[in-house]
Amino acid sequence: MPHLVVKDVVAGYGSGPDILTGLSLDVEEGKSYCIVGPNGAGKSTLLKAICGLVNIRNGTIDFEGETLLGLRADQVLQRGICFVPQDRSLFPDMTVRENLRMGGYILKDRNEVERRIDEVFEMFPILKERASQHAKTMSGGQQQQLLLGRALVLRPKVVMLDEPSLGLAPKVSKQIFDSMNQLKDAGITIIVVEQNARMGLGYCDWGCVLDLGKLVFEGASRTVLDDPRMAELYLGTRRTGSEK
Amino acid sequence: MSTDTAIAGPADQTDANRSRRIFLGIIIVATLAFPLLQVFFGGFSYWLHMALFLYMNIAIASSWNIIGGFAGYISLGHNVFFAIGGYSAAILFAYFGVSPFIAFPLCGLISMGFGFIIGMMTLRTRGPTFIISTIALVLLAKILLDNWDYIGGSNGISLPLLDMPVEYVKLPFYYAMLAIAAGSVFLGYSVRRWKFGLGLRAISQDETKAEVAGIPTRFYKTLAFALSGLFIGMAGALWGYYLTYLSPAIFLTILVGAKFVLMTILGGRGTISGPIVGAIIFISANEFFVAQFGATELNIVATGVLLLLVLMFFPEGIVGTLKRNGKLPAILDWD
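Heads up: the sequence lines are chains D and B, in that order. In this text, residue positions in the first sequence follow the working numbering: the first is 276, and each later residue adds one. In this text, residue positions in the second sequence follow the working numbering: the first is 89, and each later residue adds one.
Don't read these hints as lab results, they were simulated from the structure. Computed from a predicted model, the values in this text were never measured in an experiment. Each hint should be verified, as a subset may be incorrect.
[Claimed, not checked] Below, in silico cross-link-like pairs of lysine-lysine (PhoX-like), each with a Cα-Cα straight-line distance of 25 Å or less: (1) B:K297 to D:K449; (2) D:K306 to D:K282; (3) B:K283 to D:K432; (4) B:K347 to D:K403.
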């Protein structure tokens, strides 16, 4: 049974046009999903709609049987859905420890947060060594470890990443996806929006292809990657929406 | 905490803490004992005036730092809280006989209450729009007070002198302003350490990221705006009484609001000791230039040039830049 259900969602920014035009998607627990599609397909908007950063004009979004509609981003986070925007979501002028504290910001017990941070330090000793260093002074790979550590502090049920490999070298991108798989191995559901479809689908269980604000087709990543419709969509030979 | 602090060992940290405590102890004793010079020797009235004026500005800069430094929202309208505090005290004194020395905490709370309401409206905006909205707030407040006859309108309102021998009249103001400055710095220090402070700093770096990290950004910003008005309102309450005369022109000019910002930026916004250092340099420099150039407005030009020069070499303010370069003396590193 899916634990995140997006049904016929229509959404857009301010009074602008609809970006999502009736999108439906079922997300099952513990699996990893890669959302791909051409520019303007509504990939990032989908993640923002789920975490309450975009107004939903129509449709429903339910998580574990409860609606997310009308909730603010912090309230969605409290339900266990963590959104990592583009540029990796670190606070560059905060120290490593402060960034980890930000990961557990919604937790009320400060001692529990510190305990979890200690666990992260055990897992990633480099973060402990650099606990007092500003995040912006760390290398791309170390920042990725910090990002992963942050997610672990919160112990979310779902992590949504918006183009995590944007602007990074292939080697660092690979590290990101390896980290993502570690989260999945810990039982966390992953939803990742990725422009590099080959890389994203290569790491995820399930692929979802969006175009013009709708889910065009979906399937096991390997089948999606090999589907001739992918090439057509990316090469711009077909721009219709409703096929699934 | 700087990178250098990170690689400093526990022994270095202990030394730094000890030197900070000694420095703080000396400052507390010196500031408490300073008025005794006037009591026992006389002739220190001007210096008492300068000291209490400095304390007031330290309180203002440290308070402004909560919204402008920690949360990153530049407000040019915090002199409105200064006016609200001043006029609240004047009304309570002139019409109800409550001394400002008793009423000033209440005046601070009134300013804070107004801060909450104003914040709910102005903090719907960000960046330049927010700055402009705070300037509009000053103009609006001035128009309101200029036309409110109950408190004298644009002619202002006079208050009686404190009934004390003239050589000692500044002493109660001195200690009250010292308490307000200490309270304001302590509030900033506490906010910096609270989870709330971490949230404000996250907002200043990236509001969307802060929101998705679970911070109720709107509420935090509004609370920070209101808190920053608390001690400014208290300072305004006593300053009006000290001057024995209040008028909108004293409190509500753009220059007054800009001074609050400049002092904090000069010292280093977002740091604890920055607003103190900024206030000391700004007030000292301005006083020096006033003495040099008299009643001409050249002192404003000279102060402006000095500010430009300092910010050219210390782009993040004096404390902020020294801290970034790992050259901040331990006695000033309170973050």
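Hint-by-hint comparison with the structure:
Restraint check for K297 (chain B) and K449 (chain D): satisfied, since their Cα atoms lie roughly 24 Å apart, inside the 25 Å limit. Proximity of K306 (chain D) to K282 (chain D) is assessed by CA-CA distance (about 19 Å); at most 25 Å being required, the pair is judged to hold. Restraint check: the Cα-Cα separation between K283 (chain B) and K432 (chain D) comes to about 24 Å, which is no more than 25 Å; the hinted pair holds. A distance of roughly 42 Å separates the Cα atoms of K347 (chain B) and K403 (chain D); the hinted pair therefore is violated under the 25 Å criterion.
Violation of the numbered hints given earlier is confined to hint 4; every other hint is satisfied by the structure.
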